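The residues making up each chain are set out below.
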Amino acid sequence: MATPRRTRRTIIRAVLLALVCALIAGLPLAAPDAPATAALAQPAESVCVDTCTNVPATAQAAAQSLMTSYGNGTLIIEWAERAIIPAEIQPIANGTIGQTPQCNIDTRTLQTLVIIIRNYGSVQVSDLNRHCANDGVATCGSNPTSRHCVPSTGPNAMDITYIGGARTRGNDSASSILLRFLDSFLPNGSRAGQASGGDNCGVYSMPGLANISRFTDFCTHIHVDLGSTTAGLRNLR
Amino acid sequence: MVSPRAVRSALAVVLAVVALSGCAHPAPGAASTVDPSTAATATPSHPAGSASPLPSSSPTAGASTPGPSTPADPAAGLAAAARACQAIAGGFSAANVAAALAPAAEAARNDLIWQPLTDDLTFIANNPIDPNTGEGPQKTVDDASAVADLCFSKAGVQVSQD
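First to last, the protein sequences are chains D and G. Numbering-wise, this note's numbering comes out as the position in the first sequence, counting from 1, plus 1162. Numbering-wise, this note's numbering comes out as the position in the second sequence, counting from 1, plus 9.
So here's chain G without its partners, still in its complex pose (with noise of 0.2 Å):
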């Protein structure tokens, strides 16, 4: 015959489970807390799928692909990223973004995640707002806001839009 104290143990461990099962699902509407992968929701100004959302390994053939004498090494792409997105953490200004054009294209050399960054680094650099006027292309502005959530939620590095 089962002891009462073995009932009663037995009990609180089903309530202990039912009531933490219950907590770890969240409620609908909750707040909730912002990760860096996914803080910055911007719409990228490339079109879907020129960008992989993860490292990868294995680049696709293209005009940009690392040759077989530099095999890609996505941790040294996410270094060089890092780097160029320290460059232009303080905004897009013209020297920032200049200093951040080389090691934005080591990072596309060694990881084709990157690619994207310095092709909107280059266009920005090549059509620049002008700092007295606003006057510019909108796909400079947009290009800076695909750079700077690319640099938060693959490099980690917060860049100013502000």
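Chain D extracted, bound-state conformation (with noise of 0.2 Å):
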């Protein structure tokens, strides 16, 4: 028989086994998202419902939405790309961009920042319709075949850099909250440039998606554009 001393130390190898078998299976189901919803401004829907509701229904209307945003400081330019509100959004809010068609953007993409901005409390952009604003590296000369050049009536892609005060580099739990959310409205062929994990990034892991595919990107920022799919926004309500 075994004297009780063996037998606890029979119960705390089963139990530092059982330790170690939930830290490999466990924690890295639920540990990505923390750290970035504690960062995050405000609460946010996982899937959007009400974030989609009233959803500005024209081009002009989002923009105008979005020029008020970017006045209030909840859309954020970066400064290599600044001309996208002089250039780009500005005058689709004025009804003006039929003098500068190579500068529209699809209302699906200003429809998407707006519902971001809803949902986190700000963003922050870094690229948007390349022919107009750009950082003089990554340019329509460059890689005329980008999201961010095509289709020549209004390209769909976006670089977003932090949404609601957290960052989002494309390989993060920012990224992960943010892509399931884009996931439960933007249509199906969507597209995201992410870290490819190879280019020093970290660890490269997201959540499954069933409306957005992915590409490699640098770890910069999220890219995501709605590929070549002309449908709109889904769950709009």
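None of these hints come from the bench; they were simulated from the model. Source: prediction; values computed, not measured. Warning: the hint list may mix true and false statements.
[Said to hold, decoys possible] Some chain G residues judged to face chain D by a derived CB distance under 8 Å, without partners named:
| no. | residue |
| --- | --- |
| 1 | 100 |
| 2 | 136 |
| 3 | 140 |
| 4 | 153 |
| 5 | 167 |
[What the hints assert, rightly or not] Taking CB as the label site, the calculated pair distances span:
| no. | chain 1 | residue 1 | chain 2 | residue 2 | range |
| --- | --- | --- | --- | --- | --- |
| 6 | D | 1263 | G | 108 | 30 to 36 Å |
| 7 | G | 98 | D | 1207 | 35 to 41 Å |
| 8 | D | 1241 | G | 108 | 30 to 36 Å |
| 9 | D | 1212 | G | 139 | 52 to 58 Å |
| 10 | D | 1256 | G | 144 | 22 to 28 Å |
| 11 | D | 1219 | G | 84 | 37 to 43 Å |
| 12 | D | 1257 | G | 85 | 55 to 61 Å |
| 13 | G | 165 | D | 1207 | 22 to 28 Å |
| 14 | D | 1257 | G | 98 | 37 to 43 Å |
| 15 | D | 1219 | G | 108 | 41 to 47 Å |
| 16 | G | 103 | D | 1315 | 33 to 39 Å |
| 17 | D | 1327 | G | 88 | 44 to 50 Å |
All C-beta atoms in this analysis are idealised placements derived from N, C-alpha and C, irrespective of residue type, glycine included.
Once you've looked at the hints, go ahead and assemble the two chains, each given alone in its own frame, into the complex.
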């Protein structure tokens, strides 16, 4: 018969093994979202419901909403691409974009930015239509097939560097939270450009998504575009 | 009679096996680490079956099948494909695409899995997107995505789609 001391030792071993198993299997599932949730400025929906209600229906109305957001600091444009406001969003809001059609932006992209601001409180953008606002390096000359440059009727790509004060580098928990949310209303065929894991960006771990596929991108931002689909945003109310 | 110490040892081993085998199965919905072979999921512009998912050492007959004097060489094909992909790593500018054509053709001559690479790059070169207006065929944009996908998944080269 085993002594109580030996029995305790066996139980301790079993508990330690169970803890090792839990560490390996359990923590990666629960850990990624916690820091970004804490960092976000306000409670956010994980599925677009309230924030998808009464979304501006036209490009002009969405751009006007974004101009209001820009005015109150909840739409932030990175300095290198500061021409986004005067060259792209302002003319769409004013109804004068027809004079510079190469500066247009897809209506769905403008609507998506409105929804992101509603949900997270703010968004920082580093790229929309590169024809009329770019950093001089990533241009439509260097990569004319980029969704920041096509289609000619209005590119649909957006590069996002912060949501609600949380940094989005494509391979982090804030990007993961954002992508799950976007997956609830972006049309099927949308795409996300994310870190490949091979460019010193750390471990590349992302949720499974139904409507957004992925391609490799550098981890300075999360790139989102609508691919070639012409379908509207889903689940708008 | 089996000693208590032997029983405890056996119990510890069984517990370890059970625990570790439980760990080996990913939980439903678990986040997954993406590897190069599965990272890009953009749909290629080619019909299914036009490109083998694996390197082929015995290419099927076709217009561009290497002749008897140019036997398939998957290693040389991969090396040439990597050069082609590196030429367009920064994007599909006209100059980059032009520089990628020759190594892409060399890759296809050595291994038919690279035929879509040279076909797509040839189409992109012949049907460019206007960098000033964004005008051009949708197929050019889709082919660029397919090329980037192929370069990353099969040649290990990241090509900009941003």
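Quick check on residue 167(G) please, does its C-beta sit within 8 Å of some C-beta on chain D?
With Cβ-Cβ at 5 Å, under 8 Å, it holds.
Could you see if the CB distance from residue 1257(D) to residue 98(G) stays within 37 to 43 Å?
Holds - the Cβ-Cβ distance for residue 1257(D) and residue 98(G), about 40 Å, lies within 37 to 43 Å.
Answer holds if the nearest beta-carbon of chain D is closer than 8 Å to that of residue 136(G); otherwise answer violated.
With a closest approach of 11 Å, the residue 136(G) hint is violated.
With respect to the beta-carbon atoms only, verify the hint that residue 1256(D) and residue 144(G) lie 22 to 28 Å apart.
Holds, since residue 1256(D) and residue 144(G) (Cβ atoms, about 24 Å apart) stay within the stated range.
Pairwise beta carbon distance, residue 1257(D) to residue 85(G), judged against the given window 55 to 61 Å:
At 58 Å between Cβs, range holds.
Is the hinted range of 37 to 43 Å satisfied by the C-beta distance from residue 1219(D) to residue 84(G)?
With Cβ atoms ~56 Å apart, the hint is violated.
Verify the CB-CB distance for residue 1219(D) and residue 108(G) against the hinted window 41 to 47 Å.
This hint holds: roughly 45 Å between Cβ atoms.
Verify the CB-CB distance for residue 1327(D) and residue 88(G) against the hinted window 44 to 50 Å.
For residue 1327(D) and residue 88(G) the Cβ distance comes to about 46 Å; the hint holds.
Range first: 52 to 58 Å. Now tell me if the beta carbons of residue 1212(D) and residue 139(G) are that far apart.
41 Å, violated
Just to be sure I understand the hint, the distance between the Cβ atoms of residue 1241(D) and residue 108(G) should be within 30 to 36 Å; is that true here?
For residue 108(G) against residue 1241(D), whose Cβ atoms are near 33 Å apart, the range 30 to 36 Å holds.
The hint names residue 100(G) as touching chain D; please verify it with the least Cβ-Cβ distance against 8 Å.
OK, holds: residue 100(G) within 8 Å of chain D, min 3 Å.
Go through the hint on residue 140(G) and say holds or violated, using the shortest Cβ distance to chain D against 8 Å.
Cβ of residue 140(G) sits 4 Å from chain D, so the hint holds.
When held up to the earlier numbered hints, the structure conflicts with 2, 9, 11, 13, 16 and fits the remainder.
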